[in-house]
Amino acid sequence: MKRWIVGWSVLLAVVFVLSFGAFAQKKVSILWMEYDGLTPDYALNLEKAFEEAHPGVDLEIISTPWDLGHDRLISLVAGGRPPDLAVIGTRWLLELLDMGVVEPIEKWVSKELLDNIDPALMEGKIKGVLYGLPVAAGTRLMYYRSDIIDKAPETFEEMLEIAKKIHKPEEKFYAVGMSGKKYVELTEYAYYLFGNGGYFFEILPDGSYGKCTVNDEAGVGALAFMNDLVNKYKVTQPGVTAYRRDELQDLFIAGNLGIFLSGGFTAALLEQRGVTFKWDVAPMPHFEGKPQSTIIITDSIVLFKDSQAKEEAGKFLDFFYSDPWRLQFDKLVGFPPVTKSLANDPFFQKPVYQVMIQQIPNAKGWPLIPEWPECNDIIWDNIVATFLGEKDPKTAMDDAAREIDALRGM
Amino acid sequence: MRKGKFWKTESALAFFFLLPACAFLLLFMFYPIAYVILMSFFRVNKLGDLVNFSGLANFRFMFDRPEFWQIIVRSCVWTASAVAVKTGIGLVIALLLNVDFRGRKIARGLVIIPWASSVPISAMIWQWTYNNDFGLLNHTLRTLRIFGEPPIWLAEPRSAFLANLWVDIWCGIPFMALVFLAGLQAIPQELYEAAEVDGATPFAKFRFVTLPLLSNVLTVATLLSILWTFNDFNVIYVLTGGGPGTSTDILITYIYKYAFQYLRFGPAAAMAVITFAILLTVSILYARSYFKGGTVY
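Respectively, the protein sequence lines represent chains A and B. Counting in this note's numbering, the first sequence runs from 1 upward without gaps. Counting in this note's numbering, the second sequence runs from 1 upward without gaps.
In isolation and in its complexed conformation, chain A is listed as follows (with noise of 0.2 Å):
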């Protein structure tokens, strides 16, 4: 009897004891966004040598694809129950703030962290206020298969001409990819009409955003060219609106495009699979007489009011952002490095780093405004009733503006 008292209150303290370290762990969850290039394997090892080396704290990586991303967040948001860190575009960063669920962030990270950042590329700071650490940072720019191109287009001009002489639709090789089907984001749309001098909105005198400017004369001669590559000189793959972004991205690594307009995600792969033809990479062409511009894209990681482990999360910012994982994360996802410390290595010498970086100076962003997944969802309808031919170039863009500034009380 005594043997038997004996052996349970030794199992209950066992119990007790492994149940309470389970309990002493602190869970800190993130939702991580599956970039093109990032491995599964980099989450898993980044989680295992986090645990290692904090073992009070239970890292849980969410993976998301991308283009499911922000409905991903926004529901667990809107059911109560956000993760305590999220990757984000940093589009959507005014969304979450007018959601009111974001924590400033500045506080919960190490000053060594927010020293080695470029202060340029803090674009998750709203009003004086930082909220979000710039994740990946990079402008947009051209591949072309060197193989075919001898000289890259300068222009968009030259670029019909150069598609019109390699496009061969019955080899299946389509010389300009276009991408008309919702992928995140209708960077499509964005690469031509900054090409084309022109913008989403006009930009006030404060800095805030006006009316919307995309049925000016630079917004309907970027869609008006759009549409001359796909339905007059037919320079496209057919069926551009069944084709999104990251298909079209299949589509040029397979051999089957000339010119593809992405961002340095391209190149990584390009690399990772081993593609047997020549590729380079260019600047973005522009317009005739119209400057140079490309758009460049930021995401950011934020953290969430409602965490109950903020300072953990803080915790995993510093370790994500040590040089050895971020240079393994900027090699996959082929971005330039956002941190001061590897900026000079070697690794981001090659030309398409380069070329994103060169760039800079006259790119543009996303515009920062809460509603901007509805505008581009109606910006992106009429663009794909162009291709379709329901709308003329004009007729679309007309609508689109009046639409967004009602929409936007204008």
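Treat the hints as calculated values from the structure; they're not laboratory data. Glycine included, C-beta positions come from ideal geometry on N, C-alpha and C. Be a bit skeptical, because a hint or two may be false.
[Stated by the list, open to error] Which stretches of chain B does chain A cover? Using the computed rule of at least three CB atoms under 8 Å from a CB of chain A, they are: (1) 36 to 50; (2) 226 to 237.
[As the list claims (entries may be wrong)] Each computed EDC-like pair below joins lysine to aspartate or glutamate, with the alpha-carbon atoms no more than 20 Å apart: (3) Lys-391/A to Glu-156/B; (4) Lys-46/B to Asp-377/A; (5) Lys-46/B to Asp-71/A; (6) Lys-234/A to Glu-149/B; (7) Lys-234/A to Glu-156/B; (8) Lys-234/A to Asp-133/B; (9) Lys-232/A to Glu-149/B; (10) Lys-46/B to Asp-98/A; (11) Lys-172/A to Glu-67/B; (12) Lys-391/A to Glu-67/B; (13) Lys-310/A to Asp-71/A.
Let chain A serve as the given structure and place chain B on it in line with the hints.
Here is chain B on its own, set in the frame of chain A:
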């Protein structure tokens, strides 16, 4: 004494056992429905909290949008076509599987595969199948020279709609076939023998024996199929995301866009209430016709 009586009364005990299920239903079914109805009459913030009463403003907002009416019509066309085809093909397959032939068990197993597979995964496989450059479908059509240049299925509104429709039908046929097969097996064999003695042709047997005795099963199966098809989010979301433009959006995908992409929970709730009303009406009509029939199998 009274307490003992309560426990001994079988019906009271039955009610007692039903309590957890009722609590579960109240919490997870009626509360969300009631909250969505409430949301549809309120201005709702981006976190889904009610802000202030707005009457019919959310409904008016949706009714003023021309694409909303297009989407309502499209949802009805989508449901009617898909259910009709699923019922037709399902019935044919059930009739075939009801005949005794060698390999029938294997055939029955194969038929269930689309139903047993996860719908999003099936939709992803079909997305690849429809791909113009690398997809199986167009490659086959080109190789067999059925089409010189086959359509790019997901690029044009009409073909994209049909492509979505086919995947929904493909996923739904096994359910119909198996339910109809169960119904067919419940029909007494003597009735067919009697019909044969009377000199009935195979078509007459189908028309005057099979169909009338299968009518209740048909009613229940098509009602369930209507409810599922009207709310089939997965196929469209994975295949086209409602595109090109909004040309393949149906009510359920449109609700999702408004709620989780634009964070406009008020109009989304209004659309959810409209969906609920449409499906409730259909269900009531079906229930009436079902119980009018008298015989319940």
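How the hints compare with the structure:
no.	hint	verdict
1	36 to 50	holds (count 4)
2	226 to 237	violated (count 0)
3	Lys-391/A to Glu-156/B	holds, 15 Å
4	Lys-46/B to Asp-377/A	holds, 18 Å
5	Lys-46/B to Asp-71/A	holds, 13 Å
6	Lys-234/A to Glu-149/B	holds, 15 Å
7	Lys-234/A to Glu-156/B	holds, 16 Å
8	Lys-234/A to Asp-133/B	holds, 17 Å
9	Lys-232/A to Glu-149/B	holds, 19 Å
10	Lys-46/B to Asp-98/A	holds, 8 Å
11	Lys-172/A to Glu-67/B	violated, 36 Å
12	Lys-391/A to Glu-67/B	holds, 15 Å
13	Lys-310/A to Asp-71/A	violated, 24 Å
The structure does not agree with the numbered hints 2, 11 and 13 stated previously, though it agrees with the rest.
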